[in-house]
Amino acid sequence: MKRKERGEENTQEWLNTYADMITLVLTFFVLLYSISNVNITKLEEIANAMQKKLGLETNIKLEEVPSDLKFPAIGEDSVPNGFETDQPLTQMQSMAASIQQYMEDQDIQVNVTSKENYIYIRFKNDLLFGPDSSVLLDNSRDALNYIGTLLRDDDDEISAVYINGHTAESAGSLVNDRILSSERAANVAIYLEDQVKVDPRKLITRGYGKYYPIADNSTKEGREQNRRVDMIILGKDFQITDMADDDAELFNPVSPFDVPGAINTEQEGEKTSG
Numbered sequence: 001m002k003r004k005e006r007g008e009e010n011t012q013e014w015l016n017t018y019a020d021m022i023t024l025v026l027t028f029f030v031l032l033y034s035i036s037n038v039n040i041t042k043l044e045e046i047a048n049a050m051q052k053k054l055g056l057e058t059n060i061k062l063e064e065v066p067s068d069l070k071f072p073a074i075g076e077d078s079v080p081n082g083f084e085t086d087q088p089l090t091q092m093q094s095m096a097a098s099i100q101q102y103m104e105d106q107d108i109q110v111n112v113t114s115k116e117n118y119i120y121i122r123f124k125n126d127l128l129f130g131p132d133s134s135v136l137l138d139n140s141r142d143a144l145n146y147i148g149t150l151l152r153d154d155d156d157e158i159s160a161v162y163i164n165g166h167t168a169e170s171a172g173s174l175v176n177d178r179i180l181s182s183e184r185a186a187n188v189a190i191y192l193e194d195q196v197k198v199d200p201r202k203l204i205t206r207g208y209g210k211y212y213p214i215a216d217n218s219t220k221e222g223r224e225q226n227r228r229v230d231m232i233i234l235g236k237d238f239q240i241t242d243m244a245d246d247d248a249e250l251f252n253p254v255s256p257f258d259v260p261g262a263i264n265t266e267q268e269g270e271k272t273s274g
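The numbering of the sequence shown is UniProt numbering, which starts it at 1 and goes up by one.
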């Protein structure tokens, strides 16, 4: 008997498997994209559809994902909200920020600047003292109390606090400028020591008199700027090399000759003293 010939083999069956695989992969990536956008409604629909396919009747209700746990959508920034990429503030910078915020809240006109290991505070004279007086004004005490409390509580982080007094050059003044500027600086230090209990060994006072102006003494506005008290707070790790070039040029805390913003009085010429 003649054997039946075998039917021709179907060589295209692999295409079905390949097409199924491509479809599954595409579906998988579409699902990932949908989840990346954290659309709660879509997730509920997908979950319920899967439950029905498995023969379960449970109706799944998804809760809103907390905002700080949401995944970024594809192509978005992957850094979570609430995380800062910048370097954290140093102790001195944090203290300076606190002082600045307090002064702004109290509407007190004070210049506060800081670098990594030091803080520079410039008080206008009329905040602390009356004309030709070294007696602290009552309305200056709140500001000194706040700064002093920070100095006392962070004592281990501080190596020294320089308090520098300055006067203006004006005709008619009967008070010696050197004595007045020294007494003003000393009285600020005495207040911080006696009333706020700041470590007295770290309080260093200096009186510069009228010899380091930062503005023109021939105008009323200039003289008001020159009457001032400067406070420089040095951190425990402070080195003179920490100072920015412009600050180091203007002020060296271990030298009595360089003062921030000082005008060269020799170039300005002699003015009438008082």
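Among these hints, one or two may not hold up.
Said to hold, decoys possible - Label-pair ranges, simulated between beta-carbon atoms:
1. 199 - 116: 21 to 27 Å
2. 178 - 145: 24 to 30 Å
3. 215 - 137: 29 to 35 Å
4. 156 - 218: 22 to 28 Å
5. 116 - 31: 28 to 34 Å
6. 222 - 156: 17 to 23 Å
7. 219 - 133: 21 to 27 Å
Hints are computed from structural coordinates only; laboratory data are not their basis. Where is the CB? At the ideal position from N, CA and C, for every residue including glycine.
Which hints, by number, does the structure contradict? 3, 4, 5 and 6
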